[in-house]
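**Q** I would like the entire structure built from these sequences, with the hints used as guidance.
The listed protein sequences correspond, in order, to chains F and P. Each residue of the first sequence is one higher than the one before, starting from 171 at the first, in the working numbering. Each residue of the second sequence is one higher than the one before, starting from 26 at the first, in the working numbering.
Simulated from the structure, these hints should not be mistaken for lab results. Heads up, none of these hints are tricks.
Listing some non-contacts, in silico: residues in chain P with all C-beta distances to chain F over 10 Å:
{"no.": "1", "residue": "THR61"}
{"no.": "2", "residue": "ARG68"}
{"no.": "3", "residue": "GLU70"}
{"no.": "4", "residue": "LYS148"}
{"no.": "5", "residue": "SER158"}
{"no.": "6", "residue": "ASN263"}
{"no.": "7", "residue": "THR292"}
{"no.": "8", "residue": "TYR295"}
Here are some chain F residues pointing at chain P (derived, C-beta under 7 Å):
{"no.": "9", "residue": "LYS252"}
{"no.": "10", "residue": "LYS254"}
{"no.": "11", "residue": "MET255"}
{"no.": "12", "residue": "GLN262"}
{"no.": "13", "residue": "GLY265"}
{"no.": "14", "residue": "SER267"}
{"no.": "15", "residue": "SER324"}
{"no.": "16", "residue": "ASN341"}
Every residue, glycine too, gets a C-beta built ideally from N, C-alpha and C.
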Amino acid sequence: MKRINLVTLIAIIATVTVAFTTGDTNIKIKGSDTVLPLSQKFAEVYMKKNPGSKITVVGGGSGVGFASFLDGTTDIAMASRKVKMSEKMKLQDAGKSYKEVIIAYDALSVIVNPKNKVSQLTREQLEGIFTGKITNWKDVGGADQKIIAYCRESSSGTYEFFKEHVMNNKNYGSTLLNMPATGAIVQSVSQTDGAIGYIGIAYLEKSVKDIKVSYDKGKTYVEATVANAKAKTYPITRPLYYYYLAKDENKIKPFITFILSNEGQKLAGDLGYVPLK
Amino acid sequence: MKKRNYTTVFLTAAILIMSCRIFAQDSMINPDDTLTTTVVKLREEVDILKRIKFSGYIQPQLQFSDSCGIATYAGGNFNANTDKRFMMRRARIKATYEQGLSQYVFQIDATEKGFSIKDLYAKFTEPWTKSASLTIGCMNRPFGYEIGYSSSQRESPERGRMSQIIFPGERDLGAMITFQLPKTSKFNFIKAEAGVYNGTGSGAVDFDYWKDVIARVRIDKATKSEKISYGIGFSYYNGGYRQGKKNVFSIANDSVGTIGYILNNDTTNYGKITKREYFGGDIQLNIDLPIGLTSLRGEYIQGNQPGTSSSTASPTSQPISDNYRRKFNGAYFYFIQNIIDSRFQLIAKYDWYDPNTEVDGDNIGKSVVSTGGSTFSKTGKQDIKYSTLGLGIAFRVDANVKITAYYDMVKNETSKNLSGFSQDIKDNVYTIRVQYKF
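**A** Rendered as structure tokens:
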């Protein structure tokens with residue numbers, strides 16, 4: 171009887187030891203909706219290659235990701251903007267040393283309803299539309315139709331990036347409609363005549379029409395494509411980030427290595443993001 | 026044995042019958058509907074629970090002072106025969122209930138010294154532009170930067186001497202309007218606050234008809250690279266309190282030119298308002314350097330502070346002694362250096378408080394002559410200027426625990442005419458604090 175108990179004990183210890191030493195990882199990723207499809211794809215492929223790994227990916231916006239990162243409910247904050255100084259200070263105050271990695275680039279595409287005749291706009295016209303100064307499509311070469319502009323919520327990194335780089339840091343107009351997620355913008359623009367919005371090019375669908383953009387006051391118009399973004403001819407391009415704690419490096423590093431590998435970057439390109447290489 | 030068997034059979038039968046009944050009921054319910062209903066119900070309950078937030082911290086500490094029974098602003102005076110002590114500096118629990126545009130906050134402090142209410146206020150934001158909000162109750166006074174900066178975040182164990190003297194307890198009872206455009210606005214970096222307060226502090230019942238007005242404007246910005254952030258603020262305090270006696274003393278020269286207090290004992294002084302007026306400016310700079318995050322903070326305040334012959338502290342009850350009017354100034358400067366991306370942080374802080382800017386050095390405590398119907402009284406220890414240099418190191422064990430070792434080197438102004446102040450008093454304090462925050 172004593173011998174059986176001893177065998178049982180050894181078996182339990184062995185099982186527990188094996189469970190802890192197989193290198194199985196459990197990673198939680200939260201944040202930017204722009205990065206969401208990319209992270210989901212990375213996670214899906216990585217988990218197939220590493221069956222013991224479990225990666226969960228949740229959106230919500232870059233700000234939401236950093237908030238979760240701060241309170242320790244996510245391992246990786248995915249963001250379409252850099253960490254803010256106020257967030258850095260909170261992380262420092264919490265004794266959390268972090269690492270920043272650029273995982274890919276994203277180009278923001280301006281989209282309109284497919285019925286819209288307008289197919290190109292200058293940065294100045296976009297600024298006018300999103301600040302609420304231009305309210306009718308006829309003022310930018312379109313039909314006599316009211317412009318219905320959609321933007322993301324203020325917690326979104328995309329919201330801030332568009333404001334800084336397209337609107338020259340001017341205020342969004344008070345009549346703009348704030349949408350909680352990129353998917354909601356695509357849906358609303360596809361269903362609303364006269365609608366305009368902006369999304370990461372990975373979200374581009376046939377149900378909406380993307381607009382060529384000019385940053386040289388109408389001399390040249392460039393289409394939002396991966397090739398143009400990679401060639402740096404498309405101006406509304408930005409890096410996408412992962413943030414993780416330095417102390418979690420051993421756990422996260424294999425996943426990051428996979429993302430930065432040729433295979434990972436090919437996935438990014440296939441999904442419509444701009445690969446690093 | 027038989028009895029036990031009967032009992033077992035009976036219980037088994039009962040369980041089987043009940044199981045059948047439950048199974049019969051379950052089979053009539055669509056499990057998908059049940060799951061959906063349960064999830065919806067749980068989500069509703071979670072949403073309600075998410076409105077309530079609890080936070081708090083405790084700060085047990087060990088302190089060593091240069092000598093027994095010193096008066097100090099490093100956590101309160103030491104008792105007569107004590108030069109080292111354990112104490113629970115702060116133990117706070119804060120509950121916040123938020124729903125839509127309203128917020129209710131309740132914070133208590135419970136230590137070996139007793140129980141006190143720190144925050145107790147409600148805040149309402151107008152629903153149209155969401156730019157203006159009204160806060161009513163017991164809250165931090167909207168003056169300067171250090172007053173509203175949480176003790177759980179502050180790097181030095183205590184606020185500067187001046188902050189503790191002119192704003193004891195930091196809080197007051199009143200109503201405040203805050204104006205800040207929403208985050209979507211380009212001008213969101215500007216914040217303006219103005220309020221009307223009792224002027225007696227949070228732990229006291231108001232004792233006069235006079236109410237104090239406090240206003241503050243500040244900007245907070247960061248560079249596009251998010252490598253540098255900065256803030257600038259200006260504050261104004263206009264208040265006062267009812268004089269409980271007719272005797273009012275102000276600084277003047279006596280017949281031989283010595284600085285002292287001249288008495289005005291006009292009977293109309295009784296019940297009049299003695300003015301408290303402060304002007305303040307503060308600046309903060311945070312830089313993300315390769316050697317780690319660096320923070321620089323400074324604040325300067327000057328103004329008029331009425332007090333008594335023995336104190337320049339803002340009163341929390343009706344003063345029943347003579348009124349002494351003084352001009353004061355003070356400041357503090359912080360230098361915080363985080364060491365690369367380690368958990369260590371170096372702290373240096375310098376602050377001063379000059380309770381009476383019109384007299385200094387050996388003029389303090391000098392005898393004055395009352396002549397020609399003028400009554401003079403000499404200045405005293407309440408007019409002594411103090412400066413403190415604090416050096417410390419903090420180690421953040423994790424997000425909850427922080428250990429701080431900090432040394433306060435206090436220097437007082439000296440005067441050969443003032444007993445006990447001919448040289449620097451031995452009142453330095455060494456503090457080791459562990460903070461647990463949640």
